[in-house]
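A.B. asks: Just so you know, the sequences run in chain order Z and X. First residue of the first sequence? That's 1 in the numbering used here, and the numbers climb one at a time after it. First residue of the second sequence? That's 1 in the numbering used here, and the numbers climb one at a time after it.
Hints were generated in silico from the structure; no laboratory data involved. Among these hints, one or two may not hold up.
[Stated by the list, open to error] Calculated cross-link-like contacts (lysine-lysine; reagent style DSS-like; alpha-carbon spacing at most 25 Å):
(1) X:Lys265 <-> X:Lys196
(2) X:Lys7 <-> Z:Lys55
(3) Z:Lys67 <-> X:Lys265
(4) X:Lys172 <-> X:Lys81
(5) X:Lys321 <-> Z:Lys55
(6) X:Lys172 <-> X:Lys35
(7) X:Lys35 <-> X:Lys7
(8) X:Lys196 <-> X:Lys35
(9) Z:Lys67 <-> Z:Lys77
(10) X:Lys81 <-> Z:Lys67
(11) X:Lys120 <-> X:Lys48
(12) X:Lys7 <-> Z:Lys67
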Amino acid sequence: MSSEWPLWEVFIRGQHGLNHRHVGSLHAPDAEMAVNNARDVYTRRNEGVSIWVVKSSEITASAPSEKGPLFEPSNSKVYRHPTFFDIPDEVGHM
Amino acid sequence: MYAQMVKTDGTRVRSLDEMEPHERAFQERVDAGQKIEPKEWMPDGYRKTLVRQISQHAHSEIVGQLPEGNWISRAPTLERKAILLAKVQDEAGHGLYLYCAAETLGISRDEMYEQLHSGKAKYSSIFNYPTLTWADIGAIGWLVDGAAIMNQVPLQRCSYGPYARAMVRICKEESFHQRQGFDALMRMVKGIPAQKAMVQDALNRWWWPSLMMFGPSDDASVHSVQSMAWKIKQNSNDELRQKFVDQTVPQAEYLGLTVPDPDLKWNEEKGGYDFGEPDWEEFFNVIAGNGPCNAERLNARKQAWDDGAWFRDGLTAHAQKTAAHSVAAE
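Only chain Z is shown next, with the shape it has when bound in the complex:
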């Protein structure tokens, strides 16, 4: 039997108040084992307070070839950054 286990992406919340962050992936037969394995593989030194696992096959990613159409439009919208606006010194902190 021995078929290859599915791949899971592992996300760890490093400390209370922070986002879960992608740390890597692993193989496991089901979600429960994936969490157990993630504990052993990715948090041997107190790196986390919470673990998420998601089957890699369930993730939809943007294609590298679409980088231009997806992200370039925001390049020209510099006014979205506060530093676009010059506020005179005498106005003080804003």
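Following the hints, put chain X in place on chain Z, whose structure we already have.
C.D. replies: The following block gives chain X in isolation, referenced to the frame of chain Z:
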């Protein structure tokens, strides 16, 4: 080095002008220090070389557990046993980070295991030497992990994102490995003369194989030049070996040990040590499968895999049953 003599397929490194537009854009990104990510276009040779290098590196971490596993049940104190267990568990973790990085290039975990078990894929020559005494465990941490760090620190800047990120995690943990080894030896050299002699004997046996870990001189190797152009190798083998010797000799002196090399001498002019040439015939012999423990290591690895089959199958069956139940309940 955990990956030795990785081939690149090419016969010479091409200049930017000779490249097709795709490859040229790729090389310019690498030259600019940008990271290459899994789904992006990359030359076939780059992909194949990385698969060879990363899987060889992963296999080394996994096989590297075996010489040390020999001493888990024989550690001199409960504390040393707990430390060694933690270190060996780290090695398993390092293997897993690296297998995952290799998988992003399109090779499956099962294929890599198959290559290891069939002897098609190599692992570092260093793990084919026996661990005869407790001092060998200290010497492995100090020398073997020390040499590995020398190689792995620059790999954190490798051009391939998943490999570079795996190396960052590994390097953080590797320092513990080296220090615990040195610490074990510090304790032993302060013991009775027989204990100190045991440490000297371990150094005598591990010194040369450790220098061989970096591989033969590769200044003239086209594979090495290509790997450097792709930034999956940052330093030549000789450069790293020199750094390792310069760092390690004073540590041996601190322990009151004699490095087993009659040619070892401080060279004021180059600001480093001159040292003798490792026995490359021995190295090629070990790589070819004829080292003292090649067969033993591979058999132990295969047996562990086969003995675990019933358990892996049980977990798979449980997962399938649970999934079927939840479908039926919906």
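A.B. asks: Decide, hint by hint, whether the structure agrees.
C.D. replies: Structure-based check of all given hints:
{"no.": "1", "hint": "X:Lys265 <-> X:Lys196", "in the structure": "holds (24 Å)"}
{"no.": "2", "hint": "X:Lys7 <-> Z:Lys55", "in the structure": "violated (34 Å)"}
{"no.": "3", "hint": "Z:Lys67 <-> X:Lys265", "in the structure": "violated (56 Å)"}
{"no.": "4", "hint": "X:Lys172 <-> X:Lys81", "in the structure": "holds (21 Å)"}
{"no.": "5", "hint": "X:Lys321 <-> Z:Lys55", "in the structure": "holds (18 Å)"}
{"no.": "6", "hint": "X:Lys172 <-> X:Lys35", "in the structure": "holds (20 Å)"}
{"no.": "7", "hint": "X:Lys35 <-> X:Lys7", "in the structure": "holds (22 Å)"}
{"no.": "8", "hint": "X:Lys196 <-> X:Lys35", "in the structure": "violated (47 Å)"}
{"no.": "9", "hint": "Z:Lys67 <-> Z:Lys77", "in the structure": "holds (17 Å)"}
{"no.": "10", "hint": "X:Lys81 <-> Z:Lys67", "in the structure": "violated (51 Å)"}
{"no.": "11", "hint": "X:Lys120 <-> X:Lys48", "in the structure": "holds (15 Å)"}
{"no.": "12", "hint": "X:Lys7 <-> Z:Lys67", "in the structure": "violated (33 Å)"}
Going down the numbered hints, you'll see the structure goes against 2, 3, 8, 10, 12, while the others check out.
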